[in-house]
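Engineer: Let the sequences and hints guide you as you build the complete structure.
Mapping to our numbering: the sequence shown position 28 is 28, numbers consecutive.
Quick caveat, the hints were computed from the structure, so don't treat them as lab data.
Any given hint could be a false lead.
[Unchecked claim] Straight line, CA to CA, 35 Å or less: simulated DSBU-like cross-link-like pairs of lysine-lysine:
#1 K41 - K82
#2 K82 - K92
#3 K82 - K22
#4 K41 - K31
#5 K66 - K110
#6 K66 - K92
#7 K22 - K41
#8 K66 - K41
#9 K82 - K31
#10 K41 - K110
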Amino acid sequence: MSMNDPLGDMLTRIRNAQMRGKSTVRTPASKLRAWVLDVLKAEGYIRGYEPVTSAAGHDELEISLKYFEGTPVIRELARVSKPGRRVYAGAKEIPQVRNGLGVSIVSTPKGVMSDAAARNANVGGEVLCTVF
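Structural biologist: As structure tokens, then:
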């Protein structure tokens, strides 16, 4: 499998692990992935994550998934900006997810942050994904 979209790959791993009710899932480590996980954790969508080393010696991130009464807390995890079609939004145009019930994760010049944080900091950027 080619890894043109490492972030999309991580989101898919999270979705697949949740469908199977797994408590943790691993993904190859990268700064971008860790930054996105930081936002997911801050917004309460995952328990957290920690760097681990795979049996093959690769750096990985082990993500602790979160369930509420047996149901995954993340109901929907969608990639917005893709390698083939990047999606950028100014601070004023960052989309709200489900009237603010969900979160857009935006990569801005001030770092990776939630849509609310980006609006507060008055920065736009690449809309990486939405969570609900």
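Engineer: If a hint holds in the structure, say so; if it doesn't, say that too.
Structural biologist: These are the hints, each one checked on the structure:
no.	hint	in the structure
1	K41 - K82	holds, 22 Å
2	K82 - K92	holds, 21 Å
3	K82 - K22	holds, 27 Å
4	K41 - K31	holds, 15 Å
5	K66 - K110	holds, 28 Å
6	K66 - K92	holds, 31 Å
7	K22 - K41	holds, 17 Å
8	K66 - K41	holds, 10 Å
9	K82 - K31	holds, 17 Å
10	K41 - K110	holds, 18 Å
When each numbered hint is compared with the structure, no violation occurs for any of them.
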